[in-house]
Amino acid sequence: MPAAAVLSVPSASRPRAADLGAQGEPYLWMLGGALALGIAMIAGLLVLVLWNGLVTFVPREIALLTLADGSRIAGETVRAETFRVPAERLEGLAPEAKAKIAAEHGLARRTLYRTGNYDVYNDDFRWIADFEVAGVAYPDGMIFAERLEWGPFVGRLQSVTVDGEVLAASDIRAANVRAAHDLARARWQRIRKIERVEIGAVNHILERERLALRRVALTSGEDSAAWRAAAARFESRQTDAQARHKMLALEATRLKERDARDRIVLVEIGGAAKDMALSQVVRMYRANEFTWADRAAIYLSRWWEFLSDEPREANTEGGVLPAIFGTFAMTILMVIVVAPFGIVTALYLREYARQGRVVALVRISVNNLAGVPSIVYGVFGLGFFAYLLGGNIDQLFYAERLPNPTFGTGGLLWAALTLALLTVPVVIVATEEAIAAVPRSMREGSLACGASKWQTIRRIVLPRAMPGILTGIILAMARGAGEVAPLMLIGVVKLAPELPIDGLFPFVHLERSFMHLGFHVFDVGFQSRNSEAGKPMVFVTTLLLIALIAAMNVTAIALRNRLKRRFAGGHF
Amino acid sequence: MNALSPAPEALFGPTVTHPRDGGQGHNLESDRFNLWYGATQALFDVTFAVERGLVTALIGPSGCGKSTLLRAINRMNDLIDGLKIAGEIRVDGRNIYTPDTDVIALRKRMGMVFQKPNPFPMSIFENVVYPLRVDGLSDRRLLAETAERALVDSALWDEVKDRLQDNALGLSGGQQQRLCIARAIAGEPDVLLMDEPCSALDPIATARIEELIDELRGQYTIVLVTHNMQQAARVSDNTAFMYLGRLIEYGETEAIFTAPRDTRTQGYITGRFG
Ligand SMILES: Nc1ncnc2c1ncn2[C@@H]1O[C@H](COP(=O)(O)OP(=O)(O)OP(=O)(O)O)[C@@H](O)[C@H]1O
Ligand SMILES: [Mg+2]
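Line by line, the protein sequences are chains A and B.
Straight run, no breaks: the first sequence in my numbering ends on number 572.
Straight run, no breaks: the second sequence in my numbering ends on number 274.
Just so you know, these hints were derived from the structure itself, not from any lab.
Please read these numbers as outputs of a predicted model, since none were measured by experiment.
Among the clues, some could well be false.
Said to hold, decoys possible - Straight-line Cα separation of at most 16 Å, EDC-like style, residue types lysine to aspartate or glutamate; simulated pairs:
(1) K116/B x D195/B
(2) K494/A x E310/A
(3) K453/A x D102/B
(4) K98/A x E61/A
(5) K161/B x E148/B
(6) K246/A x E198/A
(7) K453/A x D78/B
(8) K256/A x D163/A
(9) K535/A x E198/A
(10) K453/A x D135/B
(11) K116/B x E444/A
(12) K494/A x E198/A
All chains, full assembly: derive it from the sequences and hints.
Right under this line is the structure:
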């Protein structure tokens with residue numbers, strides 16, 4: 001301490017300088033750093049998902065490559081990377097290319113192109129190394145056509161035929177081509193509606209009648225008077241239904257015949273022509289002659305299809321409406337189950353149970369439940385809910401459908417119950433804390449007015465604790481909506497054509513299996529025939545899942561904050 | 001403290017009793033009442049009778065058991081774990097510590113005002129009519145009339161009549177306390193138990209509440225815990241002085257404050273301890 005010496009302060013027997021820790025700064029930096037790291041990780045994740053999710057649907061230009069060997073390919077650029085060139089590929093190369101690779105220590109760049117035309121090439125994607133390319137162009141007239149089957153087609157338009165008549169225009173942007181396309185698509189929608197919805201409804205009714213008859217047979221035996229009456233009714237209903245079925249089928253056939261007469265012929269870059277029904281093309285555009293408005297329109301129409309349509313092509317194309325709906329319905333159902341169950345349990349534990357060793361044990365168990373791996377809940381749900389409970393329900397109420405299980409297999413209800421079980425500890429803990437935090441003076445005020453314990457709980461404690469309880473429910477909801485593992489055992493499927501809620505009695509079908517965004521991510525990314533095509537969809541679906549959970553949480557938080565405001569105030 | 005002699009027998013002689021007679025008999029009687037919080041005894045052999053229709057003040061140093069005694073009267077202490085009692089407290093001659101006592105009915109007969117205002121997180125109106133809601137009443141006219149009467153009686157009506165549907169937590173501390181008084185009298189009890197109702201209030205609000213107690217005199221039997229000697233002197237008819245869990249002297253307020261018969265009472269009211 002030179003300063004001390006100058007001022008001639010008697011030198012202290014102990015050091016006067018505060019050590020670094022006493023000032024708290026290092027800890028502050030550490031805490032701040034940890035927080036910053038956490039935030040950066042979350043932000044990074046969100047940015048990754050957002051970016052990848054948002055660019056997926058942007059329409060891209062089609063590159064036309066001329067290769068060194070003279071062949072040509074056309075496709076959208078997907079991504080580029082550096083790779084080590086294998087020895088056998090080096091052999092046939094020109095010397096200058098070889099020298100260039102050698103200069104790069106055996107590395108070269110290559111680019112992935114989405115060439116489409118799976119039906120012609122047997123592949124959608126192709127890697128092209130830079131040294132193979134002789135020339136790149138982006139010529140006009142290249143068409144990117146999304147099809148119902150076989151994925152996209154990349155090529156040029158040859159002709160459009162409407163009802164056997166070749167249209168003069170050979171541009172897909174021409175008004176008559178567009179009108180014909182729209183008409184064909186509308187006709188196709190109509191066919192799908194007849195086949196799926198209307199004939200589906202007839203079949204549903206027919207099945208219901210058949211089951212009703214079977215039921216009568218099971219309860220009062222065949223050849224009884226009741227059975228005969230039921231059989232007669234079944235006959236008449238069946239005739240009705242069959243007549244209607246025939247009518248619808250006829251209409252569908254007529255429309256299909258008409259549909260087959262509107263055709264489009266596209267040629268790929270190698271010259272192979274593909275003749276298909278115009279209605280098979282979902283969307284087509286000239287990829288190299290875009291204005292910004294065109295681009296935006298296609299981008300939005302792809303999003304709209306994604307949000308509002310059913311999946312096709314093994315989930316890699318089309319939309320995810322059933323998955324959105326399934327996730328939403330399952331989460332809501334879960335909340336409907338978990339909220340009262342958790343609240344009642346917590347109320348009992350906190351307000352009525354004699355506080356002692358047993359209650360302490362129960363509390364510890366509940367807390368530990370939150371740490372059980374979620375797949376275990378799936379196993380439990382399948383074993384207990386589906387097989388045991390569901391099996392018995394089927395025996396009792398759906399005997400006529402056996403051996404086909406109704407509730408005896410995974411489904412929406414069992415999935416929601418399983419997730420409710422998984423998330424109930426969160427609600428219990430939050431509720432217990434919230435009711436413990438209700439000031440004693442408020443309970444006393446109520447009791448002093450002559451309110452019973454239950455009245456006090458219902459009128460004072462619960463409303464006052466509601467924001468805290470809602471926080472618990474929000475946490476439970478967030479956890480439940482994002483859970484996938486147990487659902488794979490207990491009701492989520494790759495493709496569920498029927499939504500759990502529809503126009504057919506009894507409208508809500510809790511026994512049905514359903515689709516889920518979380519599972520969809522897994523399925524589309526890693527289980528489909530074409531994982532390269534599925535990859536972008538992984539991000540879009542993830543983005544959607546995050547958005548859905550965020551939307552539900554924001555709603556719940558807004559509700560909670562509105563409640564909270566009631567308990568604010570109180571200035572003295 | 002130095003005014004007191006050390007010997008316990010001398011310290012706690014029999015209660016000196018000379019209350020004013022209200023002429024309507026006794027509403028509450030405490031008969032050799034003892035109370036323990038777990039192992040510690042908080043009340044020792046408290047014996048006295050509250051005159052119907054009069055205002056009785058409970059005074060004494062902090063921790064002497066005033067709140068405990070007051071809360072024993074409507075059995076608010078029941079909520080506390082490990083509570084034990086001995087002796088009786090009688091309301092209209094009936095012991096309220098028998099197993100067959102209907103505690104809820106008992107509390108309905110008594111309004112209680114707490115030291116700190118404790119309005120419920122609901123509208124002013126709902127706060128006042130809470131005792132009626134609890135009774136299952138929902139006749140709008142009856143509720144409105146009761147609320148108005150209680151709020152007028154508690155001198156709050158003019159301030160809140162235009163915002164009865166506002167949240168009660170938005171009121172000032174003094175208004176909240178008067179609201180709690182309104183709530184206590186809305187159930188039309190016989191007895192009002194007030195535990196330092198003015199401790200959180202400014203002098204103006206305090207004066208209003210004292211006025212209010214004065215107006216309520218005769219309609220209700222009021223037991224008032226207070227630390228404020230002037231207040232006790234101003235509003236009460238009888239005063240009970242408690243010390244270390246015992247009732248030392250219980251008598252006409254004027255006599256207690258001008259000529260206390262027990263030396264400890266004298267010590268306390270002259271400010272020598274406590
Ligand atoms: N819930 C409780 N558990 C244990 N002891 C308690 C409890 N409530 C009060 N006591 C004790 O009982 C004694 C009397 O308390 P009480 O609250 O009746 O005093 P008081 O006269 O109202 O005091 P103050 O004027 O400060 O309010 C005190 O010694 C206190 O510590
Ligand atoms: Mg007290």
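Exercise. Holds or violated: K161/B with E148/B, Cα cutoff 16 Å?
Worked result: Status holds; Cα separation ~8 Å.
Exercise. Is K494/A close enough to E198/A, meaning Cα to Cα at most 16 Å?
Worked result: violated, 24 Å
Exercise. Does K494/A pair with E310/A here, judged by a C-alpha cut-off of 16 Å?
Worked result: It holds: about 12 Å lies between the C-alpha atoms, which stays within 16 Å.
Problem set entry | 16 Å Cα cutoff - pair K246/A, E198/A | Given pair K246/A, E198/A holds - Cα atoms ~12 Å apart, limit 16 Å.
Exercise. Between K453/A and D78/B, does the CA-CA distance stay at or below 16 Å?
Worked result: holds, 12 Å
Exercise. Regarding the pair K535/A and E198/A, is the alpha-carbon distance no greater than 16 Å?
Worked result: Roughly 35 Å between the alpha carbons, so the hint for K535/A and E198/A is violated.
Exercise. Straight-line Cα separation of K98/A and E61/A no greater than 16 Å?
Worked result: violated, 30 Å
Exercise. Does D102/B lie within 16 Å of K453/A when you go C-alpha to C-alpha?
Worked result: Holds, at about 13 Å.
Problem set entry | Pairwise hint evaluation, E444/A against K116/B, where the allowed Cα distance is 16 Å at most | This hinted pair holds, its Cα atoms lying about 12 Å apart.
Problem set entry | 16 Å Cα cutoff - pair K453/A, D135/B | holds, 13 Å
Exercise. Within a Cα-Cα threshold of 16 Å, do K256/A and D163/A meet the stated pairing?
Worked result: Since the Cα atoms of K256/A and D163/A sit roughly 12 Å apart, the hinted pair holds (cutoff 16 Å).
Problem set entry | Restraint check for K116/B with D195/B, where alpha carbons must lie at most 16 Å apart | holds, 9 Å
Checked against the numbered hints listed earlier, the structure breaks hints 4, 9 and 12; every other hint is satisfied.
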